[in-house]
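*Asks:* The opening residue of the sequence shown carries number 6 in our numbering; numbering runs sequentially from there.
By construction, these hints were calculated from the structure, which means they are not laboratory data. Do not take every clue at face value.
Unchecked claim - Once the Cα atoms are required to be at most 30 angstroms apart in a straight line, the calculated DSSO-like pairs of lysine-lysine come out as:
(1) K45 <-> K143
(2) K62 <-> K35
(3) K53 <-> K85
(4) K45 <-> K145
From a predicted model like this one, the values you see are computed outputs, not experimental measurements.
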Amino acid sequence: MADSDTIVLVPLDNVDGVGLRRAIADTEVKRIFTLLGNGKIDNHQNWKGRFKDNSDKMRTGSIYDVVDVLKNLTFLSRSKNLSFREKRMLDRAKFLVVSEISEVVGDPTEATDTKVNKALDRCFVNHERAIARAKVAKTKTRAKAS
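Take these sequences, add in the hints, and give me the full structure.
*Replies:* Right, dumping it as structure tokens:
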């Protein structure tokens with residue numbers, strides 16, 4: 006584990022039982038950053054539904070689900086204060102994404118953290134652009150209907 010220089014040895018027969026999966030391949034890192042940077046953000050309005058969905062995604066063990074949680078909670082944190090539990094989940098999601106990418110690529114966690122933050126910034130810019138385009142399209146549709 007990159008953060009603590011800990012090595013965990015698990016017998017191959019027990020891998021499924023303890024819930025381990027292989028780290029992503031280095032070829033998948035680009036896909037992770039593409040997902041981080043796209044403008045697709047899915048948030049429930051109510052805390053209960055949002056927390057349940059995000060908790061379910063965190064439990065899957067899929068790095069792609071964790072990326073989704075990271076994007077959604079980071080976006081939400083920029084517009085309002087997160088609850089303690091959501092803040093803790095956001096911190097955990099970011100730790101998991103950054104540590105896995107840095108381990109696979111071999112970069113320091115600080116450098117990977119910076120790259121992840123830049124990708125998230127790009128995501129939010131793309132999200133705002135998509136909202137603006139949708140508003141323009143809606144206005145044009147209303148104008149044609151009049």
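*Asks:* None of the hints should be skipped; say for each whether it holds.
*Replies:* Consistency of the hints with the structure:
Straight-line distance between C-alpha atoms of K45 and K143 comes to about 19 angstroms, which keeps the hinted pair within the 30 angstroms bound. The hinted pair formed by K62 and K35 meets the criterion: a straight-line CA distance of about 21 angstroms does not exceed 30 angstroms. Distance check on the hinted pair: K53 and K85 sit about 16 angstroms apart at the alpha-carbon level, within 30 angstroms; holds. Between K45 and K145 the CA atoms are separated by roughly 23 angstroms; this keeps the pair inside 30 angstroms, and the hint holds.
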